[in-house]
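As they're listed, the protein sequences go chains S and E.
Oh and the first sequence: position 339 is 339 in the working numbering, straight run, nothing missing.
Oh and the second sequence: position 75 is 1075 in the working numbering, straight run, nothing missing.
Think of the hints as simulated: they come from the structure by calculation, not from any bench.
A hint or two may mislead.
[Said to hold, decoys possible] Listed next, with one range per pair, are the computed distances between beta-carbon atoms:
id, chain 1, residue 1, chain 2, residue 2, range
1, S, ARG79, E, HIS1045, 50 to 58 Å
2, E, GLU1020, S, ILE102, 26 to 34 Å
3, S, ILE196, E, LYS1078, 33 to 41 Å
4, S, PRO92, E, GLU1059, 45 to 53 Å
5, E, ILE1005, S, PRO215, 24 to 32 Å
6, S, ASP161, E, GLU1020, 48 to 56 Å
7, E, SER1003, S, SER377, 40 to 48 Å
8, S, PRO215, E, PRO1031, 29 to 37 Å
9, S, GLY148, E, GLU1079, 29 to 37 Å
[Unchecked claim] Going by beta-carbon spacing under 7 Å, a handful of chain S positions derived as facing chain E:
id, residue
10, ASP171
11, TRP189
12, ASP252
13, GLU282
Backbone N, C-alpha and C define an ideal beta-carbon position, used for all residues, glycine too.
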Amino acid sequence: MTLLALCYVTQDGIMAKRIVILGGGTGGTLSANRLRRLCPGNDVEIVVVDQNDDHVYQPGLLFVPFGLTHSTEIVRSRRHQLHKGIEFRLVPVERVDIQSDIVHLGDGTELSYDALVVASGSVLVEEETEGLTGPGWMEKVFTFYDVGGAAALHDALEGFDGGRLVVNVVDMPIKCPVAPLEFCFLADWFFQRVGIRDRVELTYVTPLDGAFTKPVAAKALAGLLEEKGVALVTEFNTGEVDGSAGRLISYDGREVGFDLAVVVPLHGGASYVARSPGLGDELGFVPVDEHTLQSMAKPNVFAIGDAAGVPTSKAGSVTHFEGEILVENVRRFLAGEPLDGSFDGHTNCFIETGFGKALLIDFNYDTEPLPGHFPTSVGLPLLKESRLNHLGKLMFQPLYWHSLLPGHDLPGVGTAMPTQGKHIQSVP
Amino acid sequence: MSSAIYGGTTVEVNDEGFFEDPGKWTEAMAPEIAKAQGIDVLTEHHWQVIKFMRAEYIEKGSGPTVRVLGKTSGVSIKELYQLFPKGPAKTAAKIAGIPKPRGCI
Chain S
1 MTLLALCYVT
11 QDGIMAKRIV
21 ILGGGTGGTL
31 SANRLRRLCP
41 GNDVEIVVVD
51 QNDDHVYQPG
61 LLFVPFGLTH
71 STEIVRSRRH
81 QLHKGIEFRL
91 VPVERVDIQS
101 DIVHLGDGTE
111 LSYDALVVAS
121 GSVLVEEETE
131 GLTGPGWMEK
141 VFTFYDVGGA
151 AALHDALEGF
161 DGGRLVVNVV
171 DMPIKCPVAP
181 LEFCFLADWF
191 FQRVGIRDRV
201 ELTYVTPLDG
211 AFTKPVAAKA
221 LAGLLEEKGV
231 ALVTEFNTGE
241 VDGSAGRLIS
251 YDGREVGFDL
261 AVVVPLHGGA
271 SYVARSPGLG
281 DELGFVPVDE
291 HTLQSMAKPN
301 VFAIGDAAGV
311 PTSKAGSVTH
321 FEGEILVENV
331 RRFLAGEPLD
341 GSFDGHTNCF
351 IETGFGKALL
361 IDFNYDTEPL
371 PGHFPTSVGL
381 PLLKESRLNH
391 LGKLMFQPLY
401 WHSLLPGHDL
411 PGVGTAMPTQ
421 GKHIQSVP
Chain E
1001 MSSAIYGGTT
1011 VEVNDEGFFE
1021 DPGKWTEAMA
1031 PEIAKAQGID
1041 VLTEHHWQVI
1051 KFMRAEYIEK
1061 GSGPTVRVLG
1071 KTSGVSIKEL
1081 YQLFPKGPAK
1091 TAAKIAGIPK
1101 PRGCI
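Pulled out of the complex, with its shape left as it was, chain S reads as follows (with noise of 0.2 Å):
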């Protein structure tokens, strides 16, 4: 390939290389941010594409049903998290062709690229799951998983006045594996809150063996489980939701009743991700390289957050944390150097437990979770309740509007995992 191909000319005429990020999302304006703060001058032409321009909080979502938060105050304007020299297409990806570096879009133009940076995330795919979305659909049954979902469950868990509950994940991979538990804690607290958790019966059912992935978490979010009165039915594999009979069929015929039932869909890549031969698996993640992050198939391709098949949690702090790395990669890509391959897996996630407390968990691809404190012997306590954990939790939110989005490194938390502080040896 010549030097030209890989060029364009700015409006100033200047000969100038093109970074083409999909998604207007977490991924998506980070790495965008960072890129351009990397790459000031204008031989470096950075282009953001999303279908919408609403950025959800998306941790945000988990206290809407709750009425801790409104829907309205977790969204902004996806354009306005992008500093100023970062273009923004408010438009649909049709597909991409990796073979001719050419991203063809929903208005039938085409936008080619010399680096490309897959940030659409992941989608819920609700209709893979015969009668999920059919009879009792978001009259009984519900996701707090998108924004609509979350609001319309608030106004169901005002008017629920008893009965079973249960909350249930379909099948792995979903973001924030940790949310589901969160919600049955806070359930346990607003049904104490407002008077009727006696009458109220709580059950969280997993494909998992356990409550969580990793054992020595799996074994503490069990007891929290148990200590709030919420049953738990593990190795359920969700083949069918009947929403007018109230019940749960795994695909093994077992049955779980509800009267009102949570449920996190199963997840899927963007929808165009499948239309592009050779990007994405058959999930519609893109497989890239667990430390680099750069794409299996082309060398010209990255992934970044959810939109990514590496083997760790599709979760904001995962993102956080590949940020970093990307960036650099995408620069050292461009100049010919050789990629840094340092990403470790690294997550760390706060656990609302109700009743203004959390739960803080730190992790990477080798070290599972464990007690300890983060990210020193005298920060936060890990995988352990405090009011502190919540205060994080809380403090979190103006945190990624104003550091994380714009690509600031957070006070305290670096990209690779911290061990100072954790109890290695507990490891049974």
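Place chain E on chain S using the hints.
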């Protein structure tokens, strides 16, 4: 770690019964592993899934999850549960001598 004897050969398996070294597996061991999982006879359909799991593992380094198996193996999730009632991905991986499918985290 412990060991198990299949087809007269001793192999190392982990605490959940998955092969430590998938290279030690032979087709002749499969019926015996299946019996221990409550599957008395391996039909052609079982074999279709077992061979698919193994091929995917060799290509990608991890066996597929149930959902991916339903999309790619040519056998629907409902049928997969009829074949492997205790959980298709886990049971078929065990019989195919590959590690537990890396479910997502």
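To see whether the hints hold, each was checked on the structure:
no.: 1; hint: S:ARG79 x E:HIS1045: 50 to 58 Å; result: 53 Å, holds
no.: 2; hint: E:GLU1020 x S:ILE102: 26 to 34 Å; result: 46 Å, violated
no.: 3; hint: S:ILE196 x E:LYS1078: 33 to 41 Å; result: 38 Å, holds
no.: 4; hint: S:PRO92 x E:GLU1059: 45 to 53 Å; result: 32 Å, violated
no.: 5; hint: E:ILE1005 x S:PRO215: 24 to 32 Å; result: 28 Å, holds
no.: 6; hint: S:ASP161 x E:GLU1020: 48 to 56 Å; result: 54 Å, holds
no.: 7; hint: E:SER1003 x S:SER377: 40 to 48 Å; result: 41 Å, holds
no.: 8; hint: S:PRO215 x E:PRO1031: 29 to 37 Å; result: 32 Å, holds
no.: 9; hint: S:GLY148 x E:GLU1079: 29 to 37 Å; result: 35 Å, holds
no.: 10; hint: ASP171; result: 5 Å, holds
no.: 11; hint: TRP189; result: 27 Å, violated
no.: 12; hint: ASP252; result: 5 Å, holds
no.: 13; hint: GLU282; result: 5 Å, holds
Hint compliance for this structure: hints 2, 4 and 11 are broken, all remaining hints hold.
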